[in-house]
Amino acid sequence: MRRSFTQIKDNQRETRLLQSRVTFMTAFMGLLALVLLARMIHLQVVRYDHYATISDENRIQTSPIAPNRGLILDRNGIVLAENRPSFSLNIIKEQAGDMDRLLATLQSLLKLGDEDIRRFRERLRRGRPLESLPLHARLTDEELAIVAVNRHRLPGVRIETELVRYYPHAELLSHALGYVNRINEKDLELLDPVNYDGTHYIGRTGVERQYESVLHGRVGYQQVETNAYGRIMRVLDRVDPQPGSNLGLYLDMDTQKAAFDGLAGRRGAVVALDTLTGGILAFASTPGFDPNLFVTGISGPDYRYYADHPDRPLYNRAIQGQYPPGSTIKPMVALGALHYGTMSPETSIADPGFFRLPGDSHQYRDWKKGGHGMVDVRRAVIQSCDTYFYTVGHRMGIDKLAGFLGGFGLGQKTGIDIPNELSGVLPSSAWKRKALRQPWYGGETISVVIGQGYMLMTPLQLAAATATLANRGFTVTPTFVRRIDDADLPPPPRRRTVVVDKPEYWDIIDEAMEGVLQPGGTASQVGRGLQYRMAGKTGTAQVKGIAQGATYRESEVAERHRDHALFMAFAPADSPRIAVSVIVENGAHGSTTAAPIARAVVDAWLLKQPDFVPLAPATATAPAAPVEAEE
Amino acid sequence: MSDFLRQLPGSSQRSRWARYLHVDQPLLTLLALFCLLSLLVLYSAGGESLDTVLRQAVRMLMGFAVMLVLANIPPRTLRFWSPWIFLGGLALLFAVMFFGEISKGAQRWLDIPGLGRFQPSEIMKLSLPMMLAWYFHERPLPPRWSHLGIAMVIIMVPVLLIAEQPDLGTSLLVAAAGLLVVFFAGLSWRLIGGAVVVFIPVAWVLFEYVLHDYQRQRVLTFLDPEADKLGAGWNVIQSTAAIGSGGITGKGWLNGTQSHLEFLPESHTDFIVAVYAEEFGTIGMVLLLLAYAAIIGRCLWMSLQAQDTFNRLLASTLSVTFFVYLFVNIGMVSGLLPVVGVPLPLVSYGGTSIVTLMAAFGIIMSIHTHRKMTGR
Chain A
0 MRRSFTQIKD
10 NQRETRLLQS
20 RVTFMTAFMG
30 LLALVLLARM
40 IHLQVVRYDH
50 YATISDENRI
60 QTSPIAPNRG
70 LILDRNGIVL
80 AENRPSFSLN
90 IIKEQAGDMD
100 RLLATLQSLL
110 KLGDEDIRRF
120 RERLRRGRPL
130 ESLPLHARLT
140 DEELAIVAVN
150 RHRLPGVRIE
160 TELVRYYPHA
170 ELLSHALGYV
180 NRINEKDLEL
190 LDPVNYDGTH
200 YIGRTGVERQ
210 YESVLHGRVG
220 YQQVETNAYG
230 RIMRVLDRVD
240 PQPGSNLGLY
250 LDMDTQKAAF
260 DGLAGRRGAV
270 VALDTLTGGI
280 LAFASTPGFD
290 PNLFVTGISG
300 PDYRYYADHP
310 DRPLYNRAIQ
320 GQYPPGSTIK
330 PMVALGALHY
340 GTMSPETSIA
350 DPGFFRLPGD
360 SHQYRDWKKG
370 GHGMVDVRRA
380 VIQSCDTYFY
390 TVGHRMGIDK
400 LAGFLGGFGL
410 GQKTGIDIPN
420 ELSGVLPSSA
430 WKRKALRQPW
440 YGGETISVVI
450 GQGYMLMTPL
460 QLAAATATLA
470 NRGFTVTPTF
480 VRRIDDADLP
490 PPPRRRTVVV
500 DKPEYWDIID
510 EAMEGVLQPG
520 GTASQVGRGL
530 QYRMAGKTGT
540 AQVKGIAQGA
550 TYRESEVAER
560 HRDHALFMAF
570 APADSPRIAV
580 SVIVENGAHG
590 STTAAPIARA
600 VVDAWLLKQP
610 DFVPLAPATA
620 TAPAAPVEAE
630 E
Chain B
0 MSDFLRQLPG
10 SSQRSRWARY
20 LHVDQPLLTL
30 LALFCLLSLL
40 VLYSAGGESL
50 DTVLRQAVRM
60 LMGFAVMLVL
70 ANIPPRTLRF
80 WSPWIFLGGL
90 ALLFAVMFFG
100 EISKGAQRWL
110 DIPGLGRFQP
120 SEIMKLSLPM
130 MLAWYFHERP
140 LPPRWSHLGI
150 AMVIIMVPVL
160 LIAEQPDLGT
170 SLLVAAAGLL
180 VVFFAGLSWR
190 LIGGAVVVFI
200 PVAWVLFEYV
210 LHDYQRQRVL
220 TFLDPEADKL
230 GAGWNVIQST
240 AAIGSGGITG
250 KGWLNGTQSH
260 LEFLPESHTD
270 FIVAVYAEEF
280 GTIGMVLLLL
290 AYAAIIGRCL
300 WMSLQAQDTF
310 NRLLASTLSV
320 TFFVYLFVNI
330 GMVSGLLPVV
340 GVPLPLVSYG
350 GTSIVTLMAA
360 FGIIMSIHTH
370 RKMTGR
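The listed protein sequences derive, respectively, from chains A and B. 0 is the number of the first residue of the first sequence in numbering that gives the first Met the number 0; add one for each residue after it. 0 is the number of the first residue of the second sequence in numbering that gives the first Met the number 0; add one for each residue after it.
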């Protein structure tokens, strides 16, 4: 734009100008091309690893393969818990489009409850991208058909097969096995996120919970290549899962059925132990519930039915029901009395039908009006003479008594291999100071000594104590699981917890307990026709206090206020193999409601043993004298 | 390079048909080879769809036809029509403003019955440089102030109309084409320096007050793609991952996972170079840039031989705009520049771009083959 520039176009000058401009532009373009090249080298050479990783993470998805849960079998190989294929309706959020519309469609098609939808939305909230989330489990054939027909209206909906836990015996074993159900948010905080990556169910109660780690197995993996929409293009790598181990229980289904059927229609519990190993042969708590309802998520009405039922079917009476043991502790107290010399085997006391503490007018009544007459230790057990034991309690004192009963496991958890067992109460002066901040009163010993007052035991504890009596002081630990896959587990070691001065004291107690089932004993009716020698003891636990001077008339008492009936037994008396405890809530009489169940349970177990030899008929069919109902 | 270009088959001794058809044989050979190879890339990028490749091949043939037609129009005729084409283009841009079809939030398309849908802004890529070359043809160079002012007005009118559609990418490309004419006309270096100094505050004002939200978002996303991973930043994150994961040698033809598994959006259109870089690596990219360099080199060499102002300015500008397209495209796909929707010349799937480019090559050929054979 110089002034001197002429208007005339100068072609040569323009050519030179263009040449210089083109040269400059060529150099400039070369420079920019180098910038592009530098960028490529930066991306493809310098940062190759970084971008290769991003690209691989895009396409390679590692998806877990859940292991199959181990089976649970009884001692004879009968399947108690298995896995059955079941169809579930799952939704992949990213493929569903309008989720609200889809859910509304499904709800009307399959008649799903609002509760199902709500729970699904919760899963949706914490679901991973492209995760297939379950909406509805266990589709029926009809539901499958509905989904198939309406396929086009249901984007993102997938029918998936999964193995779902199934308990073929339902109520029969509900409290022993427990159940599995869906893993919830709280579980996720505690679980190994790797091993449970593909698992949807977890053992919630019972054996299922206790042996979760054994039953679960190890997760497997599948590495797949997916496209941007999550569709699997090919499988790159696969590590098979390691299935969970199968559990073989000590439980015997015949014995279990005898226990469960014996309790039919009643509230109660039965525990039967193998006295040698502590293996649980039968474990029943009634009413039971159907664990299958809980597996895929129990519906609101079903849950309310169980939760609101007056008989409390969800309550595991065998390990959580704490009952006064009543007279069932008398054999143990009698043994203590002999051991401490409170009573000698020959000592007899006169029973006027009541007991009075020195300097007190309060009458502690015997269950039998007018008393049992002259009573020694055998007769005291056989006839369940309260006055004899009142005297023992008074003479022995609470702490000696508690110390001795402690050897039978009272007040302690048995260590059974399922969770949530309670320990009962073994009262002592120290216990009372601690628990109630009160001193012990002598009169309280009088009720404790016949298994009342503060004393509480679970049916499991009673069975374990019975086994200790049967084993003459050796305590076993109640155990469900006998083998894992093909390997037998060693039973927990027996511990000697009761030692008595003279071994013949055991004979005296055994003999007396056998007498309970013989003519003149409190359970003589049940003893009729026994094909083996059985030692037992009846018990009755008061539900309602009876005022001084009043008489207990069961016909006038509402069923719920009737006494609990108890029975404990072991057999054969000379070489015990099984120990049983039975509690029937509001069963009124141990001898008539609880003892027959115990007999049926022991029969079911002993009579089928290959080495079982029936007693000579003469003994077995001894005539029985009618005996008054106890207490 | 220019030695090599001169040695290309037929370049030293033009065959009879080439002379008759006014075709530059070296450039035609280069373009044909390039188009064939780009169809291979498109086959992979388009999900191995033969249909896509065939449709693109048809468009390429259409492009070659347009090239042939333009190559046979003498530059003088082109120059004569330049102002009218420009005015017609402006009229169409106004028409878009009032009757245009809205697609993806922008009003860019004009639907003419019988001709189908097309973007009038595409015409401006050619007609603006033609108009400016026409304007400077009659005037002494380097241009005077007053001529520069008028040239700027000629540039700003279509650029603003296109920016208003809004189509920032095309308006910038059109502006670049116009400015290149002014540069080749001999814009003084002092003014260029001054413009760069002025540009920065102007860019800021544009960003703050003129750009649409989505355009501003694009610029912001360009500055930090991670800030909006699944939204606007997704494209660039995936395209850089595609390029980077290709490494030096690439994953091999049809083996690019980013595109074949559909992580890379627009993989056969604007982002096709990411597919190429993923499958052929740095080596492939070097070869691609060399191929482009050969085409541009041949065009610039022809521009230098052009015989009058209109021809010189137009040919050199069209040669360099070709580079601008590829630089902006590769720059945006590799994360150097904001995403502005510019296809990779001759490779990206789509008809308009191919036809415009081929038309430009036709004009350059026309300029070259209509020279008066006077010894220089």
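There could be a bad hint or two in this list.
Below are the SDA-like pairs computed for lysine to any residue, each with C-alpha atoms no more than 20 Å apart in a straight line [as the list claims (entries may be wrong)]: (1) A:K399 to A:A349; (2) B:K371 to A:V44; (3) B:K250 to A:V44.
Which chain A residues face chain B? A few, computed with CB under 7 Å, are given here [what the hints assert, rightly or not]: (4) E13; (5) A32; (6) Q43; (7) R46; (8) S54; (9) R58; (10) I59; (11) R208; (12) W430.
Listing some non-contacts, in silico: residues in chain A with all C-beta distances to chain B over 10 Å [to be verified]: (13) R38; (14) A51; (15) P84; (16) V234.
Please keep in mind that the hints were generated in silico from the structure rather than gathered at the bench. Note that CB positions come from ideal geometry on N, CA and C, so glycine has one too.
How the hints compare with the structure:
1. For the given pair, K399 of chain A sits about 24 Å from A349 of chain A by alpha-carbon distance, which is inconsistent with the 20 Å threshold.
2. A C-alpha spacing of about 50 Å is found between K371 of chain B and V44 of chain A, which places the hinted pair above 20 Å, so the restraint is violated.
3. In summary, the hint linking K250 of chain B to V44 of chain A is supported, as the alpha carbons are separated by about 14 Å, within the 20 Å threshold.
4. Annotation: E13 of chain A was flagged as interfacial toward chain B, and the flag holds, the nearest CB pair being 5 Å apart, inside 7 Å.
5. For A32 of chain A, the interface hint holds, the least distance from its beta-carbon to any beta-carbon of chain B being 6 Å, beneath 7 Å.
6. The interface hint given for Q43 of chain A is met, as the beta carbon of that residue sits about 5 Å from the closest beta carbon of chain B, less than 7 Å.
7. Hint status for R46 of chain A relative to chain B: holds, with the closest Cβ pair at about 6 Å, below 7 Å.
8. Evaluation of the S54 of chain A hint against chain B yields a held restraint, the C-beta minimum of about 4 Å falling below 7 Å.
9. A hinted interface residue such as R58 of chain A counts as satisfied when its beta carbon comes closer than 7 Å to some beta carbon of chain B; here the least separation is about 5 Å, so the hint holds.
10. A hinted interface residue such as I59 of chain A counts as satisfied when its beta carbon comes closer than 7 Å to some beta carbon of chain B; here the least separation is about 9 Å, so the hint is violated.
11. Below 7 Å, beta-carbon pairs count as interface contacts, and R208 of chain A has none with chain B, the closest being about 41 Å; its hint is therefore violated.
12. At a threshold of 7 Å, the smallest CB-CB gap from W430 of chain A to chain B is about 64 Å, leaving the interface hint violated.
13. The beta carbon of R38 of chain A is not kept farther than 10 Å from every beta carbon of chain B, the shortest such distance being approximately 5 Å.
14. Not every CB of chain B lies more than 10 Å from the CB of A51 of chain A, the least distance being 4 Å, so the non-interface label is violated.
15. Non-interface status of P84 of chain A relative to chain B is upheld: no Cβ of that chain comes within 10 Å, the nearest being about 32 Å off.
16. No Cβ of chain B comes within 10 Å of the Cβ of V234 of chain A; the nearest lies about 15 Å off, and the non-interface call holds.
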